[in-house]
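J.: In order, the protein sequence lines correspond to chains A and B. Sequential numbering of the first sequence, starting at 1, is according to the numbering used here. Sequential numbering of the second sequence, starting at 235, is according to the numbering used here.
Be aware that a few hints might be false.
[Unchecked claim] Just some of the chain B residues that point at chain A, by a computed CB distance under 10 angstroms:
(1) Q422
(2) L560
(3) R841
[Said to hold, decoys possible] Output of the computed footprint for chain B on chain A, the stretches with three or more beta carbons under 8 angstroms from beta carbons of chain B:
(4) 67-75
(5) 87-98
Hints listed in this document are in silico derivations from the structure and should not be mistaken for laboratory results. We put the beta carbon where it would ideally sit given N, CA and C, even for glycine.
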Amino acid sequence: MKLSVEALNSYYGPAHILFDVALDVGDGEVVALLGRNGAGKSTTFRSIVGLVAQRSGRIVFEGRDVSDQPTHAIASRGLGYVPEERRIFTDLTVDENLEVGRQPARPNAPQWTREKLFSLFPNLAEMRGRTGGRMSGGEQQMLTIARTLMGNPSLVLLDEPSEGLAPRIVEQMVEAILTMKREGLSIMVSEQNLHFTRLICDRAYIIERGRICFSGTMSDLDARPDIRDAHLAL
Amino acid sequence: MAFYVVQFLTGLASAASLFLVASGLSIIFGVTRIVNFAHGAFYMLGAYAAYTLTERLSGAFGFWAGILGAALIVAAVGVLVEMILLRRIYHVPELFQLLATFGLTLMVEDLVVLIWGPSDLLGRRAPGFKGAVDFFGQNIPTYDLFLIVLGPIVLAALWLMFQRTRWGVLVRAATQDRDMVAALGVNQKWLFTSVFALGVFLAAFGGALQIPRDAVNHAMDLRIIVDVFVVVVIGGLGSIVGAFVAAVLVSELNAFGILIFPKISIILVFLVMAVVLIVRPWGLFGKPEAAARRTPGLTLNPWRPLTTQERMLALAGLILALAVPLVAGNYALTVGSEIAIFVIFAASLHFLMSVGGLASFGHAAYFGLGAYGVAFLAKLAGLPMLLCLLLGPLLGVLGAAVFGFFAVQLSGVYFAMLTLAFAQIVWSVAFQWVELTGGDNGILGVWPEKWAASPSHFYCLSIGIAALAVAALRVLVFSPFGFALRANRDSPLRSEAVGIDGKRIQWTAFVIAGGIAGVAGALFAYLKGSVFPDSLGISLSVDALVMVLLGGVDTVSGAVVGAIIYKALSIWLVSQTDLSKLVLGGVIILIVVAFPKGVVGVLETIRNRRRSHSKDSSLLRSQIESAE
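Using the sequences and the hints given, assemble the complete structure.
T.: Laid out in structure tokens, this is it:
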């Protein structure tokens, strides 16, 4: 098991956001976390990487309990996180953004070099000297994924990678994620777009109001249109 | 013509040290978001350490090794400070950070006197740079030429460091988004420590380089920090190039200002700063700040007017205070009057800070202006006391109206730095304009008239005015004006959207606070019978801040309690020890680290906790504390 989360509860100030969330990701698996806006997808990811200060529960990554670890320690163990808001360093160039993400190679994870990443996202190769603030949304989305891959993670949490992107860019994104999967990377991707999910994922969780309300393979989900209609906007 | 060129070069030479210190401050702020008030103290420590080292180590090598060694030693001290103190306060509101680092400054001032003594120390001349170059009959010291070259070299070195090294890339990334840098696996703790070390190194280096030019003394920290604040406000916090350009600009303005207004050259710098702030509030090379972190005002205990019972209690307290003359002697009554005056002063700052969300670091300016206003009216115009008490504070109102107009254009640390710089400008005008203010000798013989002359009468007068002032401010808090002010404090955008003109309301609050501080100053002038530039000084401004903090910044009238405790304690302390700054600095740091809610805040929390036994609300409270 790559990642296993048990009884995760999170709070923003007085507000209780996540209720006993439990999920896991196997080695080399691509798992979807589906849910509407505000269902708790981003908070789940942020809690796993330690960016939500008030949380409780057990988060086991590669057999180690990381629930008490600070964010940077979790990340340097090889748990990569790509935030929904992208959070490109807008003052830094593409090359410099990648440099921030750079970490030594890991034995149990695919290795990425700048050249390999530029072949994965060809658009980036043409703008290595451009600052992040002068890139389009799609380019920023690619850069933020490439930046996280520079850390040679063994698991990546992708928060809504297709959000707000043009259909042509979404196709590129699907290709890129499938390549990442072929390289042996474990991926958890949060999505609202069921079509996009179907193209890349093996299994799915559905989260609603901070609670996991469905867990199963993609075909399990297709067999239950009632659940799909109740919890996902189409 | 040659004279002007030499004057220009002297300006450039002064700019070098100023740039070093200012760039250090800017770099530290860029990453940690802390405006390091103690930066002046590190500059001073650098100078003292360099003095000692260059005295011990002989020869040219010894001199330069001493300069570098001093900067490195002080940088190591900076690392300790970062690890022990700053790591605890990265998440507290910026006001607390400014205060804690100011507390550090106070401690260093006393420690320096303890170690090196109170007198000025003259350092060695730099070997190889002892002479002067003749320029059309004017002498230019070669050391000045060395400094002129050094400035751009340091600028280039810093630029390379930030642009060309992995460390620089990480620092620039952290400047923009600390969480994301952590999520990419970078341990920020050491990034912060290294940045702080570099900043302190630059400050200490700047101080060490000053010793061949200037005597080393224990007041150089405050002098430089005001200049540095002006430089970073003009150049833009966080920008190294901005620090360089502004350091040159300010130094040249000083160099030539001396020729135009020999007495009050600082006016010229002030004018330039005002223009920059109007055109580019975030400085020449700075960037507009994203919504500032909320300073005080996260009110955990909701504000409400006093209940009838509490009003009776307050009234009883007032009557009790008025009964004190029946039992107390003259000395106690004089102390009592002073405490009452500081209650007014602290309450006025508290209004600006807690209700307005504007933490002024130069509130003493308006206190002092009120005092000078009274002194002018009483001594020069010979007006009767009551009239003086009514009209004197108008000088404070006027000052607050002028400075406040510029200050409220900014917020957060910029506001704090700007108010401090304004206060320092008023102070130096009072200090230097000897014809009008008597300079350091002050204005003497401002005594109250017979009806108020006896300590008990004056005490009752002070208590009465203090009660009126506090009551008036409380009424304001719960008036529509107060609501608008709080709305603007908590959410400038939303309050603007419902039609509140935030800047105008803040300006009004600034003027009200300045006016009431002026009232306190006016009384103070009569209490002491004299007015000195000290009553405009930084230390008085900080006293007021500590009173507010001690009382509790998130309360409605905590400053009253804070002022009473603080003033009584400090009067007692000064009678007990020579190291009052050391103790005071320690107390400030202690309050910030261990006790940030203040006395009244803690009492309210305890009371509320007793009231609601439910587990939920106490959970809620502890969560809010650990958030931010």
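J.: All hints are to be evaluated individually against the structure, with a verdict given for each.
T.: Now for the hints, and whether the structure bears them out:
no., hint, verdict
1, Q422, "holds (7 angstroms)"
2, L560, "violated (50 angstroms)"
3, R841, "violated (20 angstroms)"
4, 67-75, "holds (count 5)"
5, 87-98, "holds (count 7)"
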